[in-house]
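Peer 1: Kindly generate the complete structure, drawing on both the sequences and the hints.
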Amino acid sequence: MLLNYIKIAWKVLLRHPFYTFITLFGISITLTVLMMITSFLDHLVGSHYPEQNRDKSLYVMNLFLEDSARTSQMGGPISYDFYKKYIETLKTPKRTSVSSMITSANSYINGKRIKVSTKYCDTNFWEITNYEFLEGKPFNQTNIANGDHVVVITDAMREQFFDSSSESVIGKMVEVDNEKYKVIGVVKAGPVTRILTFSDMFFPYNLPKSNYQRTGLQGTFVAIIEANSSSDFPEIKSEFENNVSKIPVPIKMGGTKYSIIDTHAQTYTDTMLYGVFHKEIGSKFYLVVGLVLLMLMGLPAINLVNLNVSRILERASEIGVRKAFGAPTRTLAFQFIVENIFITFIGGAIALILTSVGIYIFNRSGLILYSDLTINLPVFGVSLLVCLVFGLLSGVAPAFRMAKMKVIDALKRQ
Amino acid sequence: MITLNNIEKVYQTSTIETLALNNINIDIKKGEFVSIMGPSGCGKSTLLNIMGLLDEPTKGEILIDQKHVEQYTDKALALLRNQKIGFIFQSFHLINDLSVLDNVEIPLLYRNSSAQSRRDAAREALEKVGLSNRMKHFPNQLSGGQKQRVAIARAIVGKPDIILADEPTGNLDSAMGNEILNILLQLNAEGCTIVMVTHDESMAKKTHRLIRLFDGTQVY
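Those protein sequence lines, which keep their order, are chains A and B. Just so we're aligned, residue 0 is where the first sequence starts under numbering that gives the first Met the number 0, counting upward by one. Just so we're aligned, residue 0 is where the second sequence starts under numbering that gives the first Met the number 0, counting upward by one.
Honestly, the hints are just simulated from the structure, not real lab data. Each hint should be verified, as a subset may be incorrect.
[Said to hold, decoys possible] Partner residues are not named here, just some residues of chain A that face chain B (Cβ under 8 Å, in silico):
(1) Asn3
(2) Ile7
(3) Ser316
(4) Gly319
(5) Val320
(6) Arg321
(7) Lys322
(8) Ala323
(9) Thr328
(10) Thr330
(11) Leu384
Just so you know, even glycine gets a beta-carbon here, dropped at the ideal spot from N, CA and C.
Peer 2: In structure tokens:
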């Protein structure tokens with residue numbers, strides 16, 4: 000029966016090329032936009048290079064100090080000292096890592112000044128992230144203990160600093176902010192949107208410029224906590240909250256007494272949103288995103304409902320014949336819904352091609368440095384789901400309306 | 000087999016009320032070939048549509064195999080039409096986007112039958128009306144007579160007890176019309192009950208019984 004429906008749907012498509020073009024154009028452009036959005040969201044919050052463990056990691060980035068009346072607030076990243084005392088000591092996680100927020104520095108190549116981004120990190124950083132070493136290796140505990148001036152650079156930096164990319168650059172020197180560092184490793188660059196792990200150059204955390212010795216709770220660092228599995232999150236969070244609760248308050252700073260310490264171990268998305276809104280709004284955020292997507296789908300779907308009604312109206316005689324020979328309303332409605340979903344899937348296939356081209360152009364455009372938007376499985380899954388919802392949204396109402404038509408009225412419409 | 004008691008059908012618009020059928024009482028027996036005649040607009044097709052459960056009367060009772068169908072749901076009516084009744088329309092009502100074979104299969108789509116058994120039954124029905132060589136053609140590649148034979152094949156494919164034919168020869172020349180009538184007579188001889196609306200007196204004479212309508216009223 001399905002084959003029969005699809006045959007009809009295909010014939011109907013061929014019958015009116017212009018109408019088909021309008022329908023498929025509407026569907027494919029809408030789905031392309033949706034797929035680009037889902038791909039971009041996945042790029043921002045999904046687990047991708049070099050943060051393939053993001054789905055089983057928690058982050059501590061924000062620490063807010065507030066007075067008891069909640070009138071004065073001071074927020075920012077955590078200090079290395081805070082990490083050592085309250086995060087490194089956690090028992091539940093698989094491992095923890097500390098790295099500084101991204102900073103910029105000046106470097107000179109053949110007398111020309113270039114700006115590079117820099118990050119200071121510990122050795123665990125290389126375990127928690129999945130940076131691919133193209134040559135060399137990460138710095139280790141010995142480098143840190145010796146205070147070695149070593150650096151891991153990205154392949155993009157290697158191209159900028161050294162003329163020949165075929166020759167190894169390990170052991171060569173780079174100068175950053177008037178200090179010389181020995182290149183110890185070269186990694187494949189990650190996108191700039193992975194702000195907690197992105198950098199052009201990575202230095203050991205204990206080099207003087209990292210300010211790691213700064214005391215107090217706030218500083219310039221962020222901690223990544225890798226759990227054995229995401230099911231450990233509640234336990235890790237509770238252990239962390241317990242550690243934080245032991246910090247003696249009030250804390251006196253600049254004449255203000257801060258008695259509330261507001262910091263949490265959160266998933267990546269929650270961490271980013273908390274930094275902006277200072278509230279746990281993870282679920283609300285997804286709700287808003289969902290509503291926006293629904294609206295984006297809803298508007299063209301409403302237009303398609305009208306187009307579908309006129310398209311199905313043309314087939315009143317067929318409705319009449321099918322009903323006369325025993326098709327119940329539901330079966331007929333199902334037929335039109337199947338047809339609509341079939342057409343939507345064709346639109347989806349076109350959208351998939353358009354999205355692939357769009358993503359290719361976007362990645363090559365350099366709008367986001369080293370961006371790696373892809374149509375991966377989750378994005379493809381969401382796109383398929385979107386196709387299905389779109390097909391249903393634009394097909395159900397006209398299908399039921401037309402299928403309910405009286406047999407005799409349908410037959411007379413020929 | 001089909002009993003109509005005191006059937007009345009009124010078409011109503013905001014300004015006019017038209018009485019299409021008035022106090023119709025008919026009993027069609029199993030194995031009968033009944034023709035319905037009358038001038039244009041006298042309610043013949045309306046009557047046939049009510050018999051076939053395609054339209055609802057304003058008043059009156061319909062019994063199919065002694066069972067009242069007035070309270071049947073959409074699903075139950077659809078099932079009854081599917082199992083018991085085959086329709087032949089004057090304007091064929093074939094689906095142009097489907098091949099002859101696919102058109103004939105339609106009634107079987109709404110039964111629990113496999114694709115293969117549907118194909119076989121459709122082929123058999125087409126062979127019966129002499130169109131086995133046109134199975135893969137599309138309706139717009141056929142002559143009027145051939146289209147009506149496809150419509151007959153579609154009507155008989157589900158082996159219904161009753162065939163309702165609304166001017167099946169109305170759009171055909173006399174030779175083709177006779178050919179279609181002969182097929183219907185043959186089906187009737189095989190046990191199928193047939194009710195046919197016609198304008199052709201000579202055709203009506205070949206059937207068992209004639210019901211004549213005038214202005215929505217049964218004359219005899």
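Peer 1: Now, for every hint given, state plainly whether the structure supports it.
Peer 2: How the hints compare with the structure:
1. Asn3: With a minimum Cβ separation of about 6 Å from chain B (threshold 8 Å), the hint on Asn3(A) holds.
2. Ile7: 6 Å, holds
3. Ser316: 6 Å, holds
4. Gly319: 7 Å, holds
5. Val320: 5 Å, holds
6. Arg321: 7 Å, holds
7. Lys322: 7 Å, holds
8. Ala323: Holds - the Cβ of Ala323(A) comes within 8 Å of chain B, reaching about 5 Å at its closest.
9. Thr328: At about 5 Å, which falls below the 8 Å cut-off, the nearest Cβ of chain B leaves the hint on Thr328(A) intact, so it holds.
10. Thr330: 6 Å, holds
11. Leu384: 29 Å, violated
When the structure is compared with the earlier hints, a violation turns up for hint 11 alone.
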